[in-house]
Amino acid sequence: MEKNKEFHHYLIGFVLATVLTIIPFTLVATVGGKISFVALILCAILQLIVHLRFFLHLSFKGQQKEDLQLVMFTGLILLIMIGGSIWILGDLYNRM
Amino acid sequence: MSATIRKSLHPGLNLGEEHGDDHLEAETSVFGFWVFMMSDLVTFGMFFVVFATTVPLACCPSPKELFDLGSVALQTAFLLASSLTSGMAVLTLKQEHTARSACTKKLVFWLLVTALLGCGFLYREISDFIAMAAAGAPPTRSGYLSTLWSLVGLHGLHVTGGIIWCLVIVAGVLVRGVDLRWKLALLRWSVFWHFLDVVWIAIFSFVFLGGLL
Numbered sequence: 001m002e003k004n005k006e007f008h009h010y011l012i013g014f015v016l017a018t019v020l021t022i023i024p025f026t027l028v029a030t031v032g033g034k035i036s037f038v039a040l041i042l043c044a045i046l047q048l049i050v051h052l053r054f055f056l057h058l059s060f061k062g063q064q065k066e067d068l069q070l071v072m073f074t075g076l077i078l079l080i081m082i083g084g085s086i087w088i089l090g091d092l093y094n095r096m
Numbered sequence: 001m002s003a004t005i006r007k008s009l010h011p012g013l014n015l016g017e018e019h020g021d022d023h024l025e026a027e028t029s030v031f032g033f034w035v036f037m038m039s040d041l042v043t044f045g046m047f048f049v050v051f052a053t054t055v056p057l058a059c060c061p062s063p064k065e066l067f068d069l070g071s072v073a074l075q076t077a078f079l080l081a082s083s084l085t086s087g088m089a090v091l092t093l094k095q096e097h098t099a100r101s102a103c104t105k106k107l108v109f110w111l112l113v114t115a116l117l118g119c120g121f122l123y124r125e126i127s128d129f130i131a132m133a134a135a136g137a138p139p140t141r142s143g144y145l146s147t148l149w150s151l152v153g154l155h156g157l158h159v160t161g162g163i164i165w166c167l168v169i170v171a172g173v174l175v176r177g178v179d180l181r182w183k184l185a186l187l188r189w190s191v192f193w194h195f196l197d198v199v200w201i202a203i204f205s206f207v208f209l210g211g212l213l
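Quick mapping for you: the protein sequence lines, in order, are chains E and Z. For the first sequence, the numbering used here assigns the number 1 to the initial residue and increments by one for each residue that follows. For the second sequence, the numbering used here assigns the number 1 to the initial residue and increments by one for each residue that follows.
Some clues are possibly wrong.
To be verified - Mimicking EDC-like on lysine to aspartate or glutamate, the simulated pairs with C-alpha atoms at most 16 Å apart in a straight line are: (1) Z:K7 x Z:E27; (2) Z:K7 x Z:E18; (3) E:K3 x Z:E18; (4) E:K5 x Z:E27; (5) Z:K7 x Z:D21; (6) E:K65 x Z:E27; (7) Z:K7 x E:E66.
What the hints assert, rightly or not - Stretch by stretch, here's where chain Z covers chain E in the computed footprint (C-beta under 8 Å, at least three residues): (8) 18–25; (9) 32–43; (10) 51–61; (11) 74–87.
Bear in mind the hints are in silico, worked out from the structure with no lab data behind them. Since this is a predicted model, take the numbers as computed values, not measurements. Don't be surprised by glycine CBs; every beta carbon is placed ideally from N, CA and C.
The task is simple: from the sequences and hints, build the whole structure.
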């Protein structure tokens, strides 16, 4: 049963990821505009979580502390560097 | 003894207690690979920042003229399907390792399917690159195009590396059988391959779909 569970885990992940891929592609092809961009970001974040959870098997339960800290610290570094750079350069761009 | 063996020794799919010592051996090498993967993710993040801080110039063809939605969708489908098949390969290793030759056969099958899907992805990506260069948008044309080519190209290089690694594992498993060495290689490769898809989510969302909006 444990084996089937692991297999279903991958299938669930695959179906969720497919849906979260089809939504933004359809929106861009048909609707467009600002709403689509917001939906795009939401779908990307959700799909990221789906991949980490179902394909890479990360979770808050049953995971060792150091393992999660490694991933979350990287997330923090990325957030600071990407967010910070876009913030600063976006601000400069608006002043030009 | 088995009571003291923890179920999860490293991030990602663990071999599990059924694999005995191999499960314990995996801890350092797979955790180490996760550390590498995280630093690789930071590298991608930096390429992303540089891309995000450039603006398409009026001099060159616009993203709307350059990007082909259908082709990007096809590449995404290839990579997502290959993520599933690479997962099937690791599950085969984890669950069916006792039936040695049957396990090897099934493992090789899933790995070859994954490599094939990866090649399909690369083929579309390279044709898109060639089409872009032909449309007057080589990487030397503008800052935006340089960052676009390097970000997508870096991902393409990773996929190429992932396919080569996959084929090396196929050869190793066929020659030496599913021993500890190739078990560990497979665990690490699957982490690598899943992360390529994670990076691709960001690329297709923000570079291609964002550019087409």
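Between Z:K7 and E:E66, is the straight-line Cα distance small enough, at 16 Å or below? 15 Å, holds
Does the structure keep Z:K7 and Z:E27 at a Cα separation of 16 Å or less? 11 Å, holds
Check whether three or more residues of the segment 18–25 of chain E sit with their beta carbon closer than 8 Å to a beta carbon of chain Z. holds (count 4)
Do three or more residues of the segment 32–43 of chain E come closer than 8 Å to chain Z, measuring C-beta to C-beta? holds (count 7)
Going straight from one Cα to the other, do Z:K7 and Z:D21 come out at no more than 16 Å? Measuring from Cα to Cα gives roughly 13 Å; hence the hint holds.
Can the segment 51–61 of chain E be counted as covered by chain Z under the rule of three residues or more with Cβ-Cβ separation shorter than 8 Å? n = 6 at 8 Å, threshold three: holds.
Hint consistency between Z:K7 and Z:E18 [alpha-carbon to alpha-carbon, up to 16 Å]: Holds. Z:K7 to Z:E18 sits at ~10 Å (cutoff 16 Å).
For the pair supplied as a hint, E:K3 and Z:E18, confirm whether the alpha-carbon distance does not exceed 16 Å. Given pair E:K3, Z:E18 holds - Cα atoms ~12 Å apart, limit 16 Å.
With a cut-off of 8 Å between beta carbons, are at least three residues of the segment 74–87 of chain E near chain Z? holds (count 7)
Taking only the CA atoms, is the gap from E:K5 to Z:E27 under or equal to 16 Å? At roughly 23 Å apart (the allowed maximum being 16 Å), Z:E27 and E:K5 break the hint.
Agreement of E:K65 and Z:E27 with the hint, judged by alpha carbon distance not exceeding 16 Å: 14 Å, holds
Against the hints set out earlier in the document, a violation occurs for number 4 only.
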